[in-house]
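*Asks:* In case you want the letters, here they are:
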Amino acid sequence: MLEAIGVSSIDALFEPVPERVRLQRALDLPPAASEPDLMAHLAALAAQNADATRYAVFLGAGAYRHVAPAFVDQLLLRSEFYTAYTPYQPEISQGTLQAIFEFQTLVSLLFGTDLANASMYDGSTAAAEGATMACRMTRRDRIVVAKTVHPHYREVLVTYAANLGLEIVEVGYREDGTLDTQALEEASRGAAVVLFQYPNFFGIVEDPRPIVELARRAGAMTVAAVTEPVAMGLLAPPGALGVDIVAAELQAFGVPVGFGGPHVGVLAASEKCMRQMPGRFVGQARDTEGRIGYVLTLATREQHIRREKATSNICTNSGLMALAATICMAAYGKEGLSELARLNFDKAHYAHAALAGAGLRPRFAAPFFNEFVVGGLGDAAAVQHRLLDRQIVAGLPLGPYYPELADSLLVAVTEANPVQEIDALARALKG
Amino acid sequence: MTTPDRRDELVFNLTSPGRRGYSLPARDVPEAPLEGALPEGLAREAVEGFPELTEVGLVRHFTRLSTWNYGVDTGMYPLGSCTMKYNPKLNEAAARMPGFAALHPLTPDEASQGALGVMYALAQMLAEITGLPAVTLQPAAGAHGELTGMMMIRKHLITRDGSPRKLVLIPDSAHGTNPASAHFCGYQVREIKSSPRGTLSVSALAEAMTDEVAALMLTNPNTLGIFEEEICEVARIVHAKGGLVYCDGANMNALVGRARPGDFGMDIMHLNLHKTFSTPHGGGGPGSGPVVAIKALEPYLPTPVIVATPDGLRRDYDRPLSVGRVKAFQGNFGMVLRAYAYIRTLGPDGIRATADNAVLNANYLRVKLRDDYDVPYDRLNMHEVIFSDHHQNAHGVTTLDIAKRLIDYGFHPPTVYFPLIVHGALMVEPTESEGLEELERFVEVMKRIAEEARTEPGLLKKAPVTTRRSRFDEAAAARKPVLRWKKE
Chain Y
130 MLEAIGVSSI DALFEPVPER VRLQRALDLP PAASEPDLMA HLAALAAQNA
180 DATRYAVFLG AGAYRHVAPA FVDQLLLRSE FYTAYTPYQP EISQGTLQAI
230 FEFQTLVSLL FGTDLANASM YDGSTAAAEG ATMACRMTRR DRIVVAKTVH
280 PHYREVLVTY AANLGLEIVE VGYREDGTLD TQALEEASRG AAVVLFQYPN
330 FFGIVEDPRP IVELARRAGA MTVAAVTEPV AMGLLAPPGA LGVDIVAAEL
380 QAFGVPVGFG GPHVGVLAAS EKCMRQMPGR FVGQARDTEG RIGYVLTLAT
430 REQHIRREKA TSNICTNSGL MALAATICMA AYGKEGLSEL ARLNFDKAHY
480 AHAALAGAGL RPRFAAPFFN EFVVGGLGDA AAVQHRLLDR QIVAGLPLGP
530 YYPELADSLL VAVTEANPVQ EIDALARALK G
Chain H
2 MTTPDRRDEL VFNLTSPGRR GYSLPARDVP EAPLEGALPE GLAREAVEGF
52 PELTEVGLVR HFTRLSTWNY GVDTGMYPLG SCTMKYNPKL NEAAARMPGF
102 AALHPLTPDE ASQGALGVMY ALAQMLAEIT GLPAVTLQPA AGAHGELTGM
152 MMIRKHLITR DGSPRKLVLI PDSAHGTNPA SAHFCGYQVR EIKSSPRGTL
202 SVSALAEAMT DEVAALMLTN PNTLGIFEEE ICEVARIVHA KGGLVYCDGA
252 NMNALVGRAR PGDFGMDIMH LNLHKTFSTP HGGGGPGSGP VVAIKALEPY
302 LPTPVIVATP DGLRRDYDRP LSVGRVKAFQ GNFGMVLRAY AYIRTLGPDG
352 IRATADNAVL NANYLRVKLR DDYDVPYDRL NMHEVIFSDH HQNAHGVTTL
402 DIAKRLIDYG FHPPTVYFPL IVHGALMVEP TESEGLEELE RFVEVMKRIA
452 EEARTEPGLL KKAPVTTRRS RFDEAAAARK PVLRWKKE
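So the sequences go chain by chain: Y and H.
Be aware that the first sequence starts at 130, since it is given in my numbering, and climbs by one per residue.
Be aware that the second sequence starts at 2, since it is given in my numbering, and climbs by one per residue.
For reference, chain H alone in the conformation it holds in the complex (with noise of 0.2 Å):
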């Protein structure tokens, strides 16, 4: 028997007139006249197009959505470089204490001194694990915090040499964030070549850095997974020229407790707390880029910044060579209370032990699968590792159809194609947050899928099959793109 299936509608085609999903406070005020309240022909009184469904129809309808997703409580989620460790609940009721959760942003300070404490205090523990002293919590994710970060060093040159210099150094491995926020820095960007052993060559460094060089951005671990072992020559041949080294925070989480960036020569960081400090990803954000720097850099950050006083704590706008105001309020402060009561969880030993775990598992995935998949770089990794799909091109197997293979099997896929200087790289980071049994699970299907790679090609470039929808046709969604639903 076929019954009809609206399973998979819009919320939009879900509307049926007069239904309401909503109540609203009694009533206790009398209405305003409205006529002559108003500039004239401004009135509106429906939001047409909106839909009108029962609560309980909306609750069906994004519940459903929420069992078409995938996210680290559903399974092992190795997204490289996005750090998709688990999130503990904890943080989340934190989050929504009322005395946190309703509090208005511009409450006075004296009325905001617990939200205030938990701001200083994390920025005091960030400026613990990294080593560099002078921090903001404001930018609202990774990409915000370089933006914030090259800012400063912009900030900083004007002030020191009366111009801000021209070209800022990249690896060719580096996120694609990097040579964005240094461009919207007003920074022309020079790519650096990495070295055959998956580091920045530091010949390559030592003949591009000039004093046209306002600064070097590089990731470490790099995007490969692997520590930049001459990253103090690297600090040294910047430093020496002038320049000012950022450094790409994103795997922050391989270091904690076992190695501090401002210990090895980087001036300046972000921090993505939805990666090294746990706070969820949210399908997509909401992030927070806390920045760290060394203290030349304290009087370049942006306003407001939290000052212990006498008096209390308090948001310090007075600060005349700061960069300015980079977003309104204060920073994502829920996302900074979650990672606060994440370190305070953990302590000293159980934050150093995330690192050592997660450099750990990524390890014993190289090793374990270094026989059916090519690793351009087979040597000690740090918290990821990167694989490519160079044995099964072979059979015409891509490292397309290899990530959603992983799908059938009930992996999230690796990240894929990034870092752009392997071809065909699959980017996997286990994170501390799975244990020996889903390894060994999640190495048992990536050497199954090896093996049908060799003797059924077929079911990969199929793959995934067990999904409620198959690969899609995104070249044509992206010649006549269609973003949102229109009445008919």
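Okay, chain Y solo, but in the shape it has when bound (with noise of 0.2 Å):
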């Protein structure tokens, strides 16, 4: 091959590399490893972490751990789907295609929009996204964003807002964890939109409809961010209350909590924002021969064509976690989410009375869904490290995010927390 090219070694092919800055000597890395050596390294590592099959884990706040049907992870596993890259050549990724536009619609009919993007990085960056978005099209720059509002999304919006001139306003909450409509009144005035969580981060189902109608008196569109779509089973759809955009997180559908990554958001929204949207379109096409398929469509809002213009600077988005989520949708079906959702609802109930009865205080009266919020416990962080030699993750101490808080833990409580788990946490709260 070398004499084909025309030079004499490796190292020739590296000549227009200046010679001054060519790496003279061997990268200080780890020797390399074999197979079973590596996978013995990665599982001591593996052990030093409290994992949900050593430990009751209580944590939640935008990462819920949830019980796939095995099939889903077998079919991630299908290395056409996640060996392949952005279907930019339909012919040959139609599988990639369908199961997006199967997503998109699978998205818009959770939510009750009108349409869905083919996916975003995450929750919080949806989010962000969701709220320059409706900066753009009321061409104002206020954001309203509620506190109840998970503090990442609300720190990545900041930290999105801060270059483009856009202004953010935080409205509190009240003394039952809902909105302060009062505030949100006088902070909507003139804004360009108001970003809030259903159900919220305190886990509370709080009523979007009055928060649309505040929104639309001033002129204001409305982003509802979800971290946990499991809730759509029990409750209406944001898109059917009036709300324009949904910026969601969709972890729960099939896809591990794994650290935090990778997880996959999305964007759906009304009509009207279909020009603005970021991310990717899939719409369906037809061929030569008449046939229905699916193609990337829309992309004169995206970055390789429009540059600098673009609606975004999103490229890669989360393809493979959209699948899992497409998957894992379908499989709950019609029914079976609502099913999903109501037992998880009875399980945070049950375990909200077990907690109340060993003593504790649920620090907020308003209606919630698989998340709540005890206070009482002193310095909330201590009781989870004090629980963990117990084998127990007590939830998420608040202190960090609200320091009105520090005395209070979030606890999620899921399917996937048997009876057994959520009486030791009581028993342990309360010892």
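These are calculated hints, taken from the structure and not from any lab test.
Worth double-checking, as some hints may not be accurate.
[What the hints assert, rightly or not] Facing chain H, from chain Y, some residues (calculated, C-beta under 10 Å):
#1 184
#2 220
#3 411
#4 423
#5 428
#6 477
#7 529
[As the list claims (entries may be wrong)] Derived lysine to any residue pairs resembling SDA-like cross-links, with alpha carbons at most 20 Å apart:
#8 448/H with 133/Y
#9 194/H with 434/Y
#10 481/H with 243/Y
#11 401/Y with 427/Y
#12 156/H with 293/Y
#13 488/H with 369/Y
For glycine and all other residues, C-beta sits at the position ideal for the given N, C-alpha and C.
Two chains, two frames, some hints: make the complex.
*Replies:* Okay, here's the thing in structure tokens:
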């Protein structure tokens, strides 16, 4: 091969690199490990982690452990899916393209919206892009965000907005954990958009209709962040309640919590948002024989065509995780998701009662789905630390995010927590 | 005999009331009363439109979809700039270990030392590979890394000078994400023309470089597969005016173990773990776009940063100059873990060999095909090579036709019509994963297609003919977009 190319050595192939910056030594990296040795090394590292197979875990806060059917992961391992890339060549990518079309449909049905895109990185970046999209559409530059939106989502929003000249106003919560609508009314005057979470960060099911109504009167759009989409089995979808844009995290559908990623974000919205949406769309098309198939479409919004005038810089998104969510949503089906949601609701309410029975103080009185806040724990972080010894990860200490809630834990309970775990948590928190 | 064929149906049309494809854990708590437990009028009993299928029905549907797809495991996938190398199976097994997959992202530091250890170790390896010591693993993809890197530059300039400056210079050969990322970071973009040699024009740069310019964003090797030979001079010109150089690391796979961006004057860059470090592309993600930078930019890294302390590793949030958080939690850990496994299995010699073989393969294709296809920049290239359809145009054949005909011969087409500065570009990146036999087969097929273009161009115009679907009317699809299924 070298002879055909006309060079004498591999080194010579790198002659275009100026000699003084060519690396003259081997990289200082660990020596090559064989497959079994590496797996043993990784197993040892994995054993240092308090994962849900060895611990009773009550963490939620934007990443939820649910029991997905075994075939979801088996199908994800079909390598025609996972070793492909963005379906630029539709004739040999109908599998990926049709799956995305089904994803866009399932997400639209789930949230009651006209349409959905092909996925975003995660819920937090979807929320930030949803809010900035609303600023473009309303030609206004103020974003009103509820303090009951996931703290990480709010932080990402601040990061994104900082360079775009957008102003962010936070609106607090009332004693019962719901959005302070009076403060919202004030803040939303002249605002581009109101961003709230459904159910909110405290797990509270808040009625979106008054929020939508207030925003509309102020000429602002609404973005609902959804971090626990399983709730949609039990709750009226935001699109049907007049919400303009839904920025969701769909990890709950067949994607492992996996220490934070990859997860799968998505933007779903009303028709009027179509040409301002970031990210990819798959649309139906006909081939030269008139047969129906699927292609990437509306690409003139995107960076590879529009460059700096694009609706976003996003390129690679979360294709494989969107496939997991697609399969999982299809598996739950029309009634299964409601059954799953109901089981989550029941377990969380059982846990809520069990913890109250153990003398803990539920922090908020408003309705909740599968997550709630308990207070009166003194230093909640210390309590969490103490329970690790009993193989329990007891929810999220809220102090770092809400100093006024430093005595509180955010506790998530899903169908993956057996009743014995819940009872053990109640006993441990009591003792 | 014809039988009804439902194999091309949407999942929504395969539904049958009452079928189920899932099972839930046994109910071990009583039902909680729903009345009064939700706000009035918010209850939902079913998700109308969601399909109802059995497990086998679902498995057959999605397996059918997989067979209508093409991946690296199917065959050669020379999609330039995307680095479609083989994805080692070990990495998939590693990522599925329960100790990692079932680990919640907000698990306290003390109870996630193994996962933090993987992140810390990968960060150190990436610093060594690039010569850039400040690392974040948080960005979710390459473009997200670009945005993060540009934010760090912006924050640095504000801190240093009190102003972020206004402009970002970008060569006309750049990926579209570069100008989009600069724009989303609040910058105006000015394009710099490439020289006839296919590299950044140093004189054009010198002219454009003023104290209004925050940064130059460039890809090296560039999108023509050419190493920017005057890179040190380029960096000097930018630095002399107080600007920074952002390197798009999409093509780092050409340089691993051979040259380090930190050594040739790059201040900050992102890496695509899904390109250089073999994590699967997943049909369009997930990616992972770590950012590496010079020490002076370390204070601006997004939070959290993984730091080593006497009590073990921890996530550090107390970073007053940080650009802030760019993603929930701490990055696409599953991709970080796969990349870590990849580097550990290769070691220093193995990883350098990936760059060597990638460059060898791409140069081999250039010399083998240059009699049949126009090579706009016929010189030593790095990991990819650009051809054009210039010769074939005489027969009415375009790049699109060549690409579609390749499908009939069992190959995934190269990247087409990019970079924009080459008319009818075919951007071929074989990667190190292809052996000589496969390269020879690709050469033979490309030569045959060149011959067909001369003798039977109609064959190319009709291609592909071996696929489940032929060419689509994409313009019609965009005019009247149908973006979802709806119940009849």
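*Asks:* Report the numbers of all earlier hints that the structure fails to satisfy, in ascending order.
*Replies:* none
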